[in-house]
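Same order as they appear, the protein sequences are chains C and F.
For the first sequence, our numbering assigns the number 207 to the initial residue and increments by one for each residue that follows.
For the second sequence, our numbering assigns the number 207 to the initial residue and increments by one for each residue that follows.
Heads up, some of the hints might be wrong.
It does not matter which identical chain is meant; a pair holds if it fits inside one copy or across any two.
As the list claims (entries may be wrong) - Under the rule of at most 30 Å between Cα atoms (straight-line distance), these lysine-lysine pairs were calculated in the DSBU-like manner:
| no. | residue 1 | residue 2 |
| --- | --- | --- |
| 1 | LYS497 | LYS459 |
| 2 | LYS415 | LYS250 |
| 3 | LYS497 | LYS418 |
| 4 | LYS459 | LYS418 |
| 5 | LYS276 | LYS497 |
| 6 | LYS418 | LYS276 |
| 7 | LYS250 | LYS497 |
Derived by calculation from the structure, the hints in this document are not laboratory data.
Protein chains: 2
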Amino acid sequence: MRNDRDVADVSELLRVGSGVELAAVDAAGVPGLPRRGVARRDPKGWARAELAVLGAELARQQEMLFANAKTDPGDQRRVLLVLQAMDCGGKDGTVKRLARAMNPQGLRIKAFGPPTAEERKHDFLWRIRRALPLPGYVGIFNRSHYEEVLVARVRRLVEPRVWQGRFETINTFERELVDSGFTLVKIMLHISFGEQRERLRQRLDDPTKYWKYDPADVENRAHWTAYQQAYEDVLSRCGTDHAPWYVVPADRKWYRDWAVAHLMLDAFRSLNLRYPPPGFDPQTERKRLSKDETGRAGKVNGR
Amino acid sequence: MRNDRDVADVSELLRVGSGVELAAVDAAGVPGLPRRGVARRDPKGWARAELAVLGAELARQQEMLFANAKTDPGDQRRVLLVLQAMDCGGKDGTVKRLARAMNPQGLRIKAFGPPTAEERKHDFLWRIRRALPLPGYVGIFNRSHYEEVLVARVRRLVEPRVWQGRFETINTFERELVDSGFTLVKIMLHISFGEQRERLRQRLDDPTKYWKYDPADVENRAHWTAYQQAYEDVLSRCGTDHAPWYVVPADRKWYRDWAVAHLMLDAFRSLNLRYPPPGFDPQTERKRLSKDETGRAGKVNGR
């Protein structure tokens with residue numbers, strides 16, 4: 207197991223609130239990474255190895271969450287990761303890494319694209335509510351309700367008074383989720399303008415990545431500053447005590463994956479999960495199984 | 207890459223149809239495994255290593271499927287794995303192994319439990335249709351519509367004429383799926399009566415597995431023979447050319463995982479997938495990106 211004394215409190219370091227300035231956050235930074243030993247000599251190698259350890263512990267925590275919900279219908283606990291980022295910010299890669307560590311059957315992954323015609327007929331939280339994980343499950347939102355105060359604002363899809371009113375609606379909604387058993391982890395993957403260009407270029411240089419490239423992404427770059435400002439408002443106004451926002455420097459993928467796993471694990475640990483006690487007597491059940499051994503096996507084998 | 211000449215046609219070996227007798231299928235067998243070289247000396251090690259290779263290729267195939275559906279709205283292709291097995295047959299473990307190899311965002315995993323009150327108000331395919339994957343996605347059904355001719359029959363939840371009529375309904379339904387772009391892979395994980403006992407016992411010996419144990423599973427063992435007969439009817443009557451059934455010996459987990467990955471890969475390969483051509487001119491886009499480099503970066507950095 208990891209030596210906790212070597213790692214600063216990552217959650218505390220990455221948590222943001224009112225007044226956050228994204229320009230002051232180094233997208234290539236590695237906050238919380240130990241500054242001595244192997245982590246100093248080979249930070250990438252260290253973080254990748256550490257990720258495997260964190261992943262195994264995440265899987266165990268997830269199983270306990272699931273087991274508790276399964277054996278106790280009154281247990282409403284569940285975890286929801288909300289991922290936001292600029293284009294090429296690494297949302298897909300993060301989901302892939304995280305999901306591979308955990309049990310896919312206990313995950314509810316939902317990617318939100320532009321609202322469909324049906325979704326537009328409802329209030330903006332309608333499609334979000336429909337995608338919420340049930341108790342015992344871990345939800346991962348790849349984009350989320352926050353798009354309605356980001357792209358909707360920057361690309362002027364609605365009037366200012368509309369998106370302005372949504373901050374309070376969102377805070378009320380998330381308060382309701384937390385009160386009904388949700389643990390929320392909201393993460394903005396923070397990449398630089400230069401790194402985004404580099405990643406777009408990589409898609410253009412590899413025919414197996416053409417399908418990920420959208421010429422509209424280049425147009426969106428002209429709105430970079432407006433998006434950063436919109437993100438700052440989101441982080442400032444919706445980074446609450448019950449549903450904090452974290453900014454994860456994401457130019458280095460190995461740091462990003464390590465930090466996200468860390469934040470998820472901290473969220474799980476705050477639940478103090480244990481494996482549930484048996485709803486039966488193990489000794490009695492062992493005897494039943496043994497009897498079955500002599501009583502039934504012959505008949506079955508002889509069919 | 208794997209040397210295909212060393213591996214027999216696994217799909218052909220595991221495929222079953224009318225007249226199949228499960229008692230004649232060795233649940234601890236390893237059909238299709240090479241009988242020479244490393245595979246002979248260390249079959250488990252060989253299969254685990256091979257699984258990593260198959261997994262990487264599966265991920266690539268899945269990405270091509272997804273990319274085609276994304277870039278061509280007329281492409282309706284998708285893959286659906288239907289998994290059935292007795293209790294402890296390894297459905298959960300199989301899903302976990304398979305899903306970890308692939309991109310979780312392109313998967314639609316659905317576990318079917320006993321029908322809810324709402325589901326019981328509809329015909330038995332209603333909840334199945336609602337869980338079908340969209341084009342470009344890979345669906346995994348952990349249990350399925352086949353429960354309605356298995357448990358419903360063995361535990362007498364419906365009259366015989368009801369479940370008898372379902373075979374034709376299912377064949378018609380699956381024909382409809384195939385005609386609308388589905389590739390179906392239906393797999394029965396085949397374990398022995400003794401192996402089931404062993405796995406139940408393991409759950410009783412490990413407090414972190416208590417939550418998986420259900421005393422009703424022991425009662426179900428009394429119906430083992432009836433279940434095997436019900437499975438034989440399923441395989442015989444619904445193992446069609448357009449939607450074949452495979453029986454995978456599953457007492458050995460490493461063989462099971464290898465065989466399932468193989469069957470999935472064969473299904474993908476039958477689609478002859480390629481990465482789609484770009485819907486833009488890469489050279490033009492590279493130039494746009496470069497211009498953006500000199501035109502915007504200064505302004506953004508200086509905000």
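Outcome of the hint check:
1. When the C-alpha separation of LYS497 and LYS459 is checked against a cutoff of 30 Å, the pair qualifies only between copies, where the shortest distance is 26 Å, while the shortest distance within a copy is 55 Å.
2. For a Cα distance limit of 30 Å, the shortest separation of LYS415 from LYS250 inside one copy, 25 Å, qualifies, whereas the shortest one across copies, 35 Å, does not.
3. Taking CA atoms no more than 30 Å apart as the test, LYS497 paired with LYS418 passes between copies only; the shortest distance there is 21 Å, against 59 Å inside one copy.
4. Only within a single protomer do LYS459 and LYS418 lie at most 30 Å apart by alpha-carbon distance; the minimum there is 18 Å, versus 36 Å between protomers.
5. Only within a single protomer do LYS276 and LYS497 lie at most 30 Å apart by alpha-carbon distance; the minimum there is 28 Å, versus 56 Å between protomers.
6. Taking the closest pair of Cα atoms, LYS418 and LYS276 come within 30 Å of each other only across two copies (9 Å); inside a single copy the shortest separation is 39 Å, beyond that limit.
7. Proximity of LYS250 to LYS497 under the C-alpha cut-off of 30 Å is found in neither arrangement, the shortest distances being 55 Å within a copy and 33 Å between copies.
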